[in-house]
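S.K.: Single-letter residue listing:
Number of protein chains: 4
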Amino acid sequence: MTGPSENPADLDRSNPEAEIGARAEAYRNWGRWGEDDVLGTLNLIDPAHRVAAAGLVQEGRVISLAQSFDTNGPQKGWRRRTNPVHTMTDTGTDAERANQGFPHGIGGADDVISMPLQCSTQWDGLGHIFDHGFAWNGRRAGDVVTSEGDLVTGIEHAASVIVSRGVLLDVGRHLQPETGELADGYAITAADLEACAAAEGVTIGRGDIVLVRTGQLARTRRDGWGDYAGGPAPGLSLTTAGWLHRTEIAAIATDTWGFEVRPNEFDAPAFQPLHQVVIPNMGLTIGEMWDLDELAEACASSGRYEFLLSAAPLPITGAVGSPINPVAVL
Amino acid sequence: MTGPSENPADLDRSNPEAEIGARAEAYRNWGRWGEDDVLGTLNLIDPAHRVAAAGLVQEGRVISLAQSFDTNGPQKGWRRRTNPVHTMTDTGTDAERANQGFPHGIGGADDVISMPLQCSTQWDGLGHIFDHGFAWNGRRAGDVVTSEGDLVTGIEHAASVIVSRGVLLDVGRHLQPETGELADGYAITAADLEACAAAEGVTIGRGDIVLVRTGQLARTRRDGWGDYAGGPAPGLSLTTAGWLHRTEIAAIATDTWGFEVRPNEFDAPAFQPLHQVVIPNMGLTIGEMWDLDELAEACASSGRYEFLLSAAPLPITGAVGSPINPVAVL
Amino acid sequence: MTGPSENPADLDRSNPEAEIGARAEAYRNWGRWGEDDVLGTLNLIDPAHRVAAAGLVQEGRVISLAQSFDTNGPQKGWRRRTNPVHTMTDTGTDAERANQGFPHGIGGADDVISMPLQCSTQWDGLGHIFDHGFAWNGRRAGDVVTSEGDLVTGIEHAASVIVSRGVLLDVGRHLQPETGELADGYAITAADLEACAAAEGVTIGRGDIVLVRTGQLARTRRDGWGDYAGGPAPGLSLTTAGWLHRTEIAAIATDTWGFEVRPNEFDAPAFQPLHQVVIPNMGLTIGEMWDLDELAEACASSGRYEFLLSAAPLPITGAVGSPINPVAVL
Amino acid sequence: MTGPSENPADLDRSNPEAEIGARAEAYRNWGRWGEDDVLGTLNLIDPAHRVAAAGLVQEGRVISLAQSFDTNGPQKGWRRRTNPVHTMTDTGTDAERANQGFPHGIGGADDVISMPLQCSTQWDGLGHIFDHGFAWNGRRAGDVVTSEGDLVTGIEHAASVIVSRGVLLDVGRHLQPETGELADGYAITAADLEACAAAEGVTIGRGDIVLVRTGQLARTRRDGWGDYAGGPAPGLSLTTAGWLHRTEIAAIATDTWGFEVRPNEFDAPAFQPLHQVVIPNMGLTIGEMWDLDELAEACASSGRYEFLLSAAPLPITGAVGSPINPVAVL
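Protein chains in written order, with the numbering used here: chain A, 24 to 353; chain B, 24 to 353; chain C, 24 to 353; chain D, 24 to 353.
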């Protein structure tokens, strides 16, 4: 294997720009699916793969992989990311008191939500991250995402796409069999991912959606949110970029706020370097803040780590992300 | 068949209260799944039905059944229902101008949405409608939905449930083969539903999710929104309540704003009488504003009107509905 | 003076209900301004008082008494009260890049805000608090404030009223000349208010708007928000209810989150007992989270503690409060 | 008088860019109040002018000049401008039913608002409009207003400023004594403004806040909103720019959506040319959607067209505008 090292020890921790740049160049998919492409690696899901994935449904059990969309969530205001604010425009109390003005005893309740699209379980769209002013497929960032939204690669383009084989890599349980939880700051390597897959008896391949469980959410559930939104976390090392590329997976998601290891693997100021490589350059769709704990229990029980995954985003015009309720069908 | 008439001509158009009351009593499912139940007819989906539904996946094609979540939508402010307002908290234009304060050339875009949960493609939760101050399963409305939200039957309880066999009843095409569109005000009867299913070669049964296409959305797409949100529309007759009950379907959805025919079938003031029967009394989950047109084309081409349907709501704590992107997997 | 004691030591700390009830009864203004009244003590401002107040303008100096409306505010989510979320729908960055689609070089910036009406400097409307299910003037709470808003006493009714003589009672400086700050939990008494006024050389009277500075905001500015929103604070004792009534003031405001002392003066569970007395029973308009520090400096310098106060609420239909920018004109 | 013509007939209707450019250059105030200035013409209000204005208070009458902030407002979604959405997070109905969890019979109502800052009566901030990528005082637009808001000239800087002499120019009544209403599309000229002031017996001068009543709102109140938000309207001609400059007024407001005449006075595509001259170049603060009808009645009755005007914006950090309730004190 040539190309950038996949060993975190080889990273020049003083030079994030160079380490990011080398991987951006090595794994850049610009033009791979045509110059008008708006889907990136989601193109790698082909219909036959979906038919095979449907064949994995044996129990008829559905497991939601979403966290709650709740006022009592982890957001603390960073970059104006708040927790959802859900308010009622009509209530049962009013209906019971018969003050709604409706005939024949009917009453109603309606509601409204205000929330960042990145506040809870979500897909990052391809317009979510830029590299030196460039967006996915080599477009100028300002040609893609203005105040009007993502004019080119909005999440609505993925409305009919994201159903495929899902594979759980329970790295938390693999590396820490007793607790099932990786320590904050642990950088998951390509070797870790390979070893976990081997231990689970699965092979990751083209069009798969890979779910990496670190166990951090389980810890948070026990200890409180703390700095779940943006603080230290286990997650993928920048050095997994090559693995993410050569496996030809369609998408990846984790049970953490930000998918990659935090703090990031540099001494110099750095922020989400793996995002910078894989979203604008590779065109990879990333899921964050998924709840993989019930699924992990189910997979551990059955010994089967693959399933049908259905995770269509809301087609919000021009959005750079979408709240989702992904479901694994076992 | 005993019980209330299933012929719209038999309705006493001067007395909605009596017509609603008779059907509420006849088809009430309170207590059927225990006094703590929060799912209603969604209980009718059993795992084996899901396994069978997965077996319907032959092409590996995914069709989104969601309308856009877009500022240019049909809402006009009735009961404070607006179209979604999607705003950016970070943009590509800013990233390209490098004014975001991030290191090593990374830039980002984030966004926020504010919307009624009933503004576009949605599930109505069980707390959405009340009958004389009572909610699903016989609870007092004010014990269920306060200003805090739905404290009992919030949509989050359905997060891991709504994957089943979907069946499209393209009543628009069945009754109007040339246009595929029913006229506004046309009340679809139980006989229409039966005849459509027979013509399509499908049998509706326990645990199915039935999608009724009227063609109104296709007309709206051509002519503009007009009064799509709340105005005249084709839809189910109040007299279909018995059919909805005895088929033991899990859920139903239409391509219209309000599922039932508008204007409602009474001369006296009336408002959504079928909702009043089926949500609080029967416990039926209803989908509205679905886009069934591409699916209808696909079904007409293949002659197959059944598929795997995946339509999990967002688990918004205490919500009485949820925006969704339902997908049919063919 | 008969009636409930104005000495906090006399309070039965085990029985908030009795202590509140005695004062509610003693100071209830129901019917005083007619059965249709929607203004309460704001009726006490008469035109001549405003003319006299305008005569107090000697320097032509305007001092804003508002805190910022800012994402970095004190709210932490209690009762879904968040800090304001301000987002841009058009930006200068976009305008400079000329991607807004406007002719002849014009560009624009627009913005949106989402906020609780109680998030920062505000007036509490008369529909904000209820006493045993009753609202101001003896109306049933459910006849006044439904999910539709305050149908009777909405803040819009006060749109043309709240300009009067303002008087600053800098109790913080009066009682703590060195620091100017009262300790959290300090209950300001009627005697304190009288002594402070006397020391300042002002007489409080009919139609005045009294601003009580505790100094807590100055402390918060120095030490960080901490529990400013809802935590311990200096503030008015329940026993000031008689003073608030007999002085015939039109309104009162403080530099704290909640106007009255926190924790409240009971051993039994209690919550904002003075609100319960003065809003629904007395009809008093209360301002909270005002910034009185610059005004206090000015008054201390000039020795004049009275001024023209202009503090009109936004006429938000049906609101039970309003964000405001009150100004003192000296 | 040299400089651009003040006669609309002289405008080259095919060349908005040239006509705007000539006036931008002629009336540009960049640097006039220093390079750090954030107030523009609001600097022209001096303390003595405020003292004199307070002396105009003779009746002690307050007139709100705000329209309602109401769901049933004029906005139709243009540039995502909606009407306010006001929702309750606690209600009197809940309080009356005693389901809020509070002790000793206290109950509460709280509320939330979501609205564009330009949705109803407002001030435009200095960051609201740009000219060829430049903002007020010659700054680059992208250095001033990013997705974070107005980082330089945010409306919060005007929190302690906008109290001054107000003068009503009731041009509607002056030119159309019978109806009091100018026709949509009527371009008010500098000569109209001068003649109206002369007829009213007032002289406009340095530091004044001028309120121009066209009568369009009165018409709208009678006929319905129609296209009030953005459609045809009477308003100031581009050729009044010189008058706005040489009178040295501090601010101006109208009873229309957009202050200037609509359609704009060009055959070529044009959009709000007077905004482009006066906001970024002159630094003029503009008020829109004010309700001047009750004030006009009062002024006509008394024959006095000057008063104390108090119109402080909410100090929303980084906002390019603010909802306001301006009050005239007569």
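Read the hints as simulated data drawn from the structure, not as lab findings. Just so we're clear, the structure is a prediction, and the values are computed from it rather than from any experiment. Heads up, a few of these hints could be off.
Per label pair, the in silico range of CB-to-CB distance [claimed, not checked]:
hint	chain 1	residue 1	chain 2	residue 2	range
1	C	286	B	166	27 to 37 Å
2	A	126	B	244	29 to 39 Å
3	B	81	A	323	27 to 37 Å
4	B	245	A	250	24 to 34 Å
5	A	35	B	244	51 to 61 Å
6	C	286	A	95	20 to 30 Å
Glycine is no exception: its CB is placed at the ideal position from the N, C-alpha and C atoms.
S.K.: Taking 29 to 39 Å as the hint, is the beta-carbon distance of residue 126 of chain A and residue 244 of chain B inside that range?
M.R.: The hint (29 to 39 Å, Cβ to Cβ) holds, given that residue 126 of chain A and residue 244 of chain B are roughly 32 Å apart.
S.K.: Taking 27 to 37 Å as the hint, is the beta-carbon distance of residue 81 of chain B and residue 323 of chain A inside that range?
M.R.: holds (32 Å)
S.K.: Holds or violated: the 51 to 61 Å window for the beta-carbon distance between residue 35 of chain A and residue 244 of chain B?
M.R.: holds (55 Å)
S.K.: Between residue 245 of chain B and residue 250 of chain A, does the C-beta distance stay in 24 to 34 Å?
M.R.: violated (52 Å)
S.K.: Evaluate the given range 27 to 37 Å for the C-beta pair formed by residue 286 of chain C and residue 166 of chain B.
M.R.: holds (31 Å)
S.K.: Could you tell me whether the CB distance from residue 286 of chain C to residue 95 of chain A stays inside 20 to 30 Å?
M.R.: The hint (20 to 30 Å, Cβ to Cβ) holds, given that residue 286 of chain C and residue 95 of chain A are roughly 23 Å apart.
Hint violations for this structure: number 4 only, all remaining hints satisfied.
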